[in-house]
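On the provided structure of chain A, position chain B as indicated by the hints.
If you read the sequences in order, they're chains A and B. Numbering-wise (the numbering used here), the first sequence opens with residue 1 and increments by one. Numbering-wise (the numbering used here), the second sequence opens with residue 1 and increments by one.
No wet-lab data here; the hints were simulated from the structure. There may be inaccurate statements among the hints.
Here are the simulated BS3-like cross-link-like pairs (lysine-lysine), alpha carbons at most 30 Å apart as the crow flies [as the list claims (entries may be wrong)]:
1) B:K243 to B:K173
2) B:K243 to A:K335
3) B:K243 to B:K280
4) B:K280 to B:K229
5) B:K333 to B:K234
6) A:K154 to B:K28
7) B:K350 to B:K252
8) B:K173 to B:K184
9) A:K54 to B:K186
10) B:K280 to B:K303
11) B:K350 to A:K335
12) B:K350 to A:K154
13) A:K306 to A:K205
14) A:K54 to B:K28
15) B:K252 to B:K229
16) B:K186 to B:K173
17) B:K252 to B:K186
18) B:K327 to B:K28
To list a few chain B residues with every Cβ distance to chain A over 12 Å, as calculated [unchecked claim]:
19) L10
20) Y71
21) T128
Predicted model only: the values in this text are computed from it and were never measured. By construction, the Cβ of each residue, glycine as well, lies at the ideal position given by its N, Cα and C atoms.
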Amino acid sequence: MSSELGAISPLAAYVGSFIDVSLPAWALMVAATAIYWFVLLLPPVAAMTYLDRKVGADIQMRIGPNRVSAYGVFQAVSDAIKLFFKEDSGPDAQEGWLFRWGIVAAIVCVFTAIGNIPMGENLALSNLDSGVIVVLTSLCFSNLCIFWAAYSAKSQWSVLSSFRVIAMVTAYIVPIAIAIVPPILIAGSPNLEAIVRAQGGMPWKWILFHNPGTLFSFVALFLALQIWQARAPFDHYRAQGEIAGGFTAEFSGMRRGLITLLEYLSLMLACMFIVTTYLGGWQFIVNLESFGRAANVVEFLWFLFKIFGLVFVSIWIRWSLPGLRADQIVSLSWKILVPIGLFGSTLTAIWLVVFKGRGIGDFL
Amino acid sequence: MTSFDNAQTLTFNVGPHHSAAIGPLRMKVRTDGEMVVSCEPDVGYLHRGIEKLAERMTWTGFMPYTDRVDYLSAIHCNLAYALAVESLAGIAVPERAQTIRVLVGELNRLGSHLLAVGHLANQLGAETALMYALRDRERINNLFEMLCGARLTYSYVRIGGVAADVTEGFIEKTYEFVEYLMPKLKEYHDLLSNNRVFMGRLAHVGVISPATAIDCGLTGPTLRASGVKYDTRKMQPYSGYQKFDFDVPVGKGEVGAVGDAFDRYIVRMRELEQAVSIIKQALDALPEGQFSTALPRLFKAPKGEAYAAVESPRGTLGVYVSSSGEKNPARVKFRTPSFAALNLFPDLFKNIPLSDVGTIVGSLDIMVSEVDR
Numbered sequence: 001m002s003s004e005l006g007a008i009s010p011l012a013a014y015v016g017s018f019i020d021v022s023l024p025a026w027a028l029m030v031a032a033t034a035i036y037w038f039v040l041l042l043p044p045v046a047a048m049t050y051l052d053r054k055v056g057a058d059i060q061m062r063i064g065p066n067r068v069s070a071y072g073v074f075q076a077v078s079d080a081i082k083l084f085f086k087e088d089s090g091p092d093a094q095e096g097w098l099f100r101w102g103i104v105a106a107i108v109c110v111f112t113a114i115g116n117i118p119m120g121e122n123l124a125l126s127n128l129d130s131g132v133i134v135v136l137t138s139l140c141f142s143n144l145c146i147f148w149a150a151y152s153a154k155s156q157w158s159v160l161s162s163f164r165v166i167a168m169v170t171a172y173i174v175p176i177a178i179a180i181v182p183p184i185l186i187a188g189s190p191n192l193e194a195i196v197r198a199q200g201g202m203p204w205k206w207i208l209f210h211n212p213g214t215l216f217s218f219v220a221l222f223l224a225l226q227i228w229q230a231r232a233p234f235d236h237y238r239a240q241g242e243i244a245g246g247f248t249a250e251f252s253g254m255r256r257g258l259i260t261l262l263e264y265l266s267l268m269l270a271c272m273f274i275v276t277t278y279l280g281g282w283q284f285i286v287n288l289e290s291f292g293r294a295a296n297v298v299e300f301l302w303f304l305f306k307i308f309g310l311v312f313v314s315i316w317i318r319w320s321l322p323g324l325r326a327d328q329i330v331s332l333s334w335k336i337l338v339p340i341g342l343f344g345s346t347l348t349a350i351w352l353v354v355f356k357g358r359g360i361g362d363f364l
Numbered sequence: 001m002t003s004f005d006n007a008q009t010l011t012f013n014v015g016p017h018h019s020a021a022i023g024p025l026r027m028k029v030r031t032d033g034e035m036v037v038s039c040e041p042d043v044g045y046l047h048r049g050i051e052k053l054a055e056r057m058t059w060t061g062f063m064p065y066t067d068r069v070d071y072l073s074a075i076h077c078n079l080a081y082a083l084a085v086e087s088l089a090g091i092a093v094p095e096r097a098q099t100i101r102v103l104v105g106e107l108n109r110l111g112s113h114l115l116a117v118g119h120l121a122n123q124l125g126a127e128t129a130l131m132y133a134l135r136d137r138e139r140i141n142n143l144f145e146m147l148c149g150a151r152l153t154y155s156y157v158r159i160g161g162v163a164a165d166v167t168e169g170f171i172e173k174t175y176e177f178v179e180y181l182m183p184k185l186k187e188y189h190d191l192l193s194n195n196r197v198f199m200g201r202l203a204h205v206g207v208i209s210p211a212t213a214i215d216c217g218l219t220g221p222t223l224r225a226s227g228v229k230y231d232t233r234k235m236q237p238y239s240g241y242q243k244f245d246f247d248v249p250v251g252k253g254e255v256g257a258v259g260d261a262f263d264r265y266i267v268r269m270r271e272l273e274q275a276v277s278i279i280k281q282a283l284d285a286l287p288e289g290q291f292s293t294a295l296p297r298l299f300k301a302p303k304g305e306a307y308a309a310v311e312s313p314r315g316t317l318g319v320y321v322s323s324s325g326e327k328n329p330a331r332v333k334f335r336t337p338s339f340a341a342l343n344l345f346p347d348l349f350k351n352i353p354l355s356d357v358g359t360i361v362g363s364l365d366i367m368v369s370e371v372d373r
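Here chain A stands alone, though its shape is the one from the complex (with noise of 0.2 Å):
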């Protein structure tokens, strides 16, 4: 049964050889969402929220949280006590359970694709085969999630949001898609182990440096997901100075908290993509078969430092560039996005036919 069910759920097979009694495969399930969700997944997305509240105010010259506890460490978990005390309002006119229950269903959706990531060997909650395309689809749901909960607030500012949300997904999803065949070509599948395990530890054994292409591809990627997390510069849909936040002013309490929550899920989620499918992953530079299960603990955190990496530099471009507007973004996209990562993509085919298959690193 532990190898039926480690072929879907990795992490739960691994929760169960941990203990000696067999329990049904349901309740490993459960016990291993209950600890991808608690101990993976929440302590490094509070880490981001404190990170991009320190980062920025490095940025801007201020001091940031330094209130709650040393160096203000527990901010977030003040806030989320706060917010949860908060009252809970709407607009008078709001469709109920849609814009009660939209931003969540969001959530739901950025977790399902989380959820595909390796974060260790052994430490996926689900091993799909067209991982990938579920991360995608994903993607575009929780954006038609977000596009529900804006609209039935109904208020002008939100329902302008809730246009611009649809509008971004012609922005982002194309990008996306091309820029994600590089790493699907080189490791053969659309699993997402499968292209952790087509790459090494070392960088020079990352797809991003497979070939020339790559480069590109990994460019067209990054920015296709800064814009999909509506992240600043790309906050159209709820910027401060155009639409007073657009959807995200309707929503009071814990709703609004958890509209950051969902903040900061995806870019775990954006950084989570790019770090498994051109950065290596979770593999460690150099083989950790003597450590046994240590290993798995090694893995993680060198996954969690190389996604700090890429948060580093998000926090960075979002303190320091002005939004774009919706043509620029369109353009950026349409214009610079799509057309490097078709190259990219071609040029990682050709690669791959003229070199049998093996990338720059093969040939060190």
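Frame of chain A, contents of chain B only:
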């Protein structure tokens, strides 16, 4: 416009409270999807009746109220009122007072322009630039606090001169600040002027032709950005501005068309450099002497009327005073540059995306307290 068309448009009340607005200015914007169909400015949310209040005040007692006409350039409002009353009563202002007036006026201009540039960037979502601007403006506020105890509403310029002589150490601190600011201006250019995203947001946005600018009565950086070289400090010099050597930057359409939002931004940035140069000259050439002429305890301006104009950071700020020989003015009227800029709104906000509304308002540097008075 049929009712059917009406049903296809969305009406937005941009303001009076908007997350990126500088003051309570309400704009009724009708859009067709993203594109703006019409825009009506609605003013009066900050009306305090300052001009009417003047009629119940003594001539000298009205001075603190002028601060509130434009609280970001209080010195210029003080100065315009003082100049008008002085020309009405024929009061001679000592040389030292005149130079101090130029000095503090340019310092105030630095603060106002920094904030204008910062707020424009903030409208576009670049909060960091606003923080930079606030950092540097803070030093200017500290200088003013040192000079007169106030950080925003100074009432430092008085009829006949200034309230008090410069305090000990003010001159040195101002030298220090000027030395500090010049290299910092490069930071703004790195962060904004040479930033392609910033250029892209401002180029070809809100283009005002020279003819329109003149017709609407625009003045100041907004007019000069349209290529019209008009500066009150050059055309009708006051407070001894004729003795100072400075340029009047005009818009050249460097990244877009002449008179677009980028030109208005870059003209302000260049005026910062000019203001620094004027401050340096004023510090070097500060004459000895009195800082004020003595006025009688109950000052009464002679019968008659007078008008004086100064170049405030937003343009020509004029004050008209009329006296019936009493201890209080018969009438005071402010001619404010921001109010003139509102004339543009119906024409300027047409067939532009909603995203550009904030950009254009930010680039016009409208001060709502000055619009409403």
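inquiry  = Tell me the numbers of any earlier hints that the structure contravenes, in ascending order.
reply    = Structure breaks hints 2, 10, 14, 18, 19 and 21.
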